[in-house]
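Since chain A is already given, all that's left is putting chain B with the ligands on it; use the hints.
The listed protein sequences derive, respectively, from chains A and B. With our numbering applied, the first sequence corresponds to residues 178 to 299, in that order. With our numbering applied, the second sequence corresponds to residues 74 to 489, in that order.
Hints are not guaranteed to be accurate.
Derived coverage of chain B by chain A (criterion: at least 3 residues anywhere in the stretch with Cβ under 8 Å from a Cβ of chain A; other residues may be distant) [what the hints assert, rightly or not]:
#1 139-149
#2 219-233
#3 321-327
Listing some non-contacts, in silico: residues in chain A with all C-beta distances to chain B over 10 Å [to be verified]:
#4 189
#5 210
#6 240
#7 241
#8 243
It should be emphasised that the hints constitute simulated quantities derived from the structure, not laboratory data. Backbone N, C-alpha and C define an ideal beta-carbon position, used for all residues, glycine too.
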Amino acid sequence: MAYLINCPHCGQRTTDEFYIKGDASKQRPGTIGDDTMNQWHDYVHIRDNVRGRTAEHWHHTGGCRQWLVVERDTVSHEVYAVAPASSRTPGKTSATPARKSAARKTPARNTTSRKTARGEKK
Amino acid sequence: MKYSVFSLARNALSGHKNWQPAWRSPDPKPEYDVIIVGGGGHGLATAYYLAKVHGITNVAVLEKGYLGGGNVGRNTTIIRSNYLLPGNNPFYEKSLQLWEGLEQDFNFNAMVSQRGVVNLFHSDGQRDAFVRRGNAMRIHGVDAEILDTHALRELMPFLNFNDGRFPIMGGLMQRRGGTVRHDAVAWGFARGADMRGVDVIQHCEVTGIRREKGRVVGVETSRGFIGCKKLGLAAAGNSSTVAKMAGLELPIESHVLQAFVSEGIKPWIDNVVTFGVGHFYISQSDKGGLVFGGDIDGYNSYAQRGNLPTVEHVVECGLAMIPSLSRARVLRSWGGIMDMSMDGSPIIDKTGIDNLYLNAGWCYGGFKATPASGWCFAHTIANDAPHELNSQMRLDRFRTGYVMDETAHGAQPNLH
Ligand SMILES: Cc1cc2nc3c(=O)[nH]c(=O)nc-3n(C[C@H](O)[C@H](O)[C@H](O)COP(=O)(O)OP(=O)(O)OC[C@H]3O[C@@H](n4cnc5c(N)ncnc54)[C@H](O)[C@@H]3O)c2cc1C
Ligand SMILES: [Zn+2]
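The following block holds chain A by itself, in its conformation from the complex (with noise of 0.2 Å):
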C-alpha cells in the first residue's frame, strides 16, 4: 500500500499514524422497524470485500484526529483520494451504490460520477 497518506487536514502522512475502521460503503441503520435485525446483521457483519476499488472509513489517530474516507484499490494498492467523512453526503457515503438487496450480482461500481462532482483528482 502507498506509504503515505495524503490527510486533507496533515498533509502526507505515514500509513502507520491511521486506524482502519473498513468499508466505508455501509450505513448505519435505524432502530426501529420490520427489517432492522436483518439491516444490522447486514451492517455489522456481511463485506462486500471488494477485489479492486474500495471506500473505506480511515482515523487519523496519530494526526488531527479526524475520520476520514479513503478510496483505494485493494489489488495495485494504489491510493486515489482522501477526503474527510464529513464531506461525504449521506446516502452517497461509499464507492458502492447504497445496498439494498444481500445478494448484488455485479461488483462493477459507479464511482466515476461522484468523483468528478466532487473534483477529485486520481
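Relative to chain A, chain B with the ligands alone:
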C-alpha cells in the same frame, strides 16, 4: 506407487530415472459428482477424505494457480490445539490427532514435528488467562501445562526474561503442538487423492457458477464449463470473490499477513514460541532458517504482499522477546491473503443453496486445521449435513448471535 524403503532402493538401482510424477495432470471431464474450488490444503484434504472415507472418487479439485502457491505454502507452519471455546477446541484437537497419523495415512513425509508450542505470559492477569485456557484444554482432554521461568530458562535461555516493563513470568506449553512442512501437506494430500481417482486440475480458474432452478449445475472456468452434482468452495483468501459468483455475500474481509525467514543458522530454537506482549511467533526450520511472523497489516488486501511498517513492527516485537535475534539477517519475506471472518472463527457449512457448500474464514490459523477441515468438509458434502465437530462453524451464526469469538474483539477483522 507406494513410497517405502524398497521403492527407494529399487529406484536407486536404476539411477533414480524412473520415478513417476506424484500425481497425474488430467484434462477436466465434462461432469463430476463433486467439484472443489481451490487446490490449497483444505481443498485437497477435502478431496482426499471424500475419496478415502466416503468412497466418492468422481471428484475434481480446480486450482487457478499451482499446488502450494496459496496460503498452504506461505504460512509459518505452526500446528496446535490450544483453543478456548467449545465449538473450536474439539475440532482443532481432531486436527492434531489427524496430523499425528497423517504421514502413515497418506504415505508422504510431511515432516510433522511435535516440538511443543509455548505461549509466554508477562503479567499476573495474562497468567490467569493462560491458566484458564490451559484448564479449558484439559477439560477437553487436550494436553496443556504451565511452565515457570525455571523450566523456561532450561528450554529457551535466549529469551529476554528481565525486561523492565514486560518480564517473562512463564508460559503455556502444549507439547503435542509443533510444525509441519507446509507444501509437503499439499503434495501429500494431492497425491493421496489422485491415487484414489480424484482429478487435481491446476491452472484452471473458476470464473462463474452456473445455476438452474436455484441449484448449482457446474462452473465456468478458464478451461471451459465443467458440470457437477455438488460444489464445495475452499478458496481461502478469495472466498468472497468466489462466493459472489453464486450471489452470496460473506461475513469475511481479505487481509494480508506477512512472514519472514532468516539465513540458516545452527540449531538454536527447539520449540515454537510466541510473545505475549506483541504479536510475534518464531520457530526454526529443519534447514536452520528462523521462521517468524506477527500481525496482519491491518488493511483489506488481495495483493499477497505487505508493507514496511508491519515489517518494522514484527522485528521490534522479535527483538523485545529475543534480543540476540538482532544478529540474524532476514533472507526473505512474503505475504498471503487471509480470509478474516467477523468473529475470528471459521465456517464449514451448507449455504442455503441446495448443493453448494462453503469452507472459509480461516483467518491466519487455518494451516493447523487442514486435516480436520478437509475431514469435516468432506463429511458435510457427502452427507449433506455437518459433522458434530463443525456443527458450530455455521454460516448463519452471525445472524443468530452464536458467534465464536476467541479473543472477544467483536466484528472487526483487523483486530482478530
Ligand atoms: C504468512 C502466513 C502465515 C500463516 N501462519 C499460519 C500458522 O503458523 N499456523 C496456521 O495454522 N495457519 C497459518 N496461516 C493460515 C493458513 O495458511 C491458511 O488459513 C490456510 O492455508 C488456508 O487454507 P488453504 O490451504 O486451503 O488456502 P490456500 O492454499 O490459499 O488455497 C486456496 C486456493 O484457492 C485458489 N483459488 C482462489 N480463487 C480461485 C478460483 N476462482 N478458481 C480456482 N482456484 C481458486 C487459490 O489459488 C489457492 O490456491 C498463515 C497464513 C499466512 C499467509
Ligand atoms: Zn490528519
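Exclusion check [residue 243(A) not at the chain B interface, CB over 10 Å] = At roughly 18 Å from the nearest Cβ of chain B, residue 243(A) sits farther out than 10 Å, so the non-interface label holds.
Looking at residue 189(A) again, its CB stays over 10 Å from all of chain B?
-> holds (15 Å)
Outcome, coverage of the stretch 139-149 of chain B by chain A - at least 3 residues whose beta-carbon is closer than 8 Å to one in that chain = violated (count 0)
Test coverage of the stretch 321-327 of chain B by chain A using CB-CB distances below 8 Å; three residues minimum.
-> Answer holds; 7 residues pass the 8 Å Cβ test.
Given coverage of the stretch 219-233 of chain B by chain A, tested with a Cβ cutoff of 8 Å and a minimum of 3 residues | violated (count 0)
Minimum Cβ separation between residue 210(A) and chain B greater than 10 Å?
-> Holds, because the least Cβ-Cβ distance between residue 210(A) and chain B comes to about 17 Å, which exceeds 10 Å.
Going by Cβ atoms, does residue 240(A) stay more than 10 Å from chain B at every point?
-> holds (15 Å)
Chain B versus residue 241(A) - minimum CB to CB distance exceeding 10 Å, so not interface = Residue 241(A) is indeed farther than 10 Å from all Cβ atoms of chain B, at 19 Å.
In terms of the numbered hints stated before, the structure departs from hints 1, 2, listed from lowest to highest.
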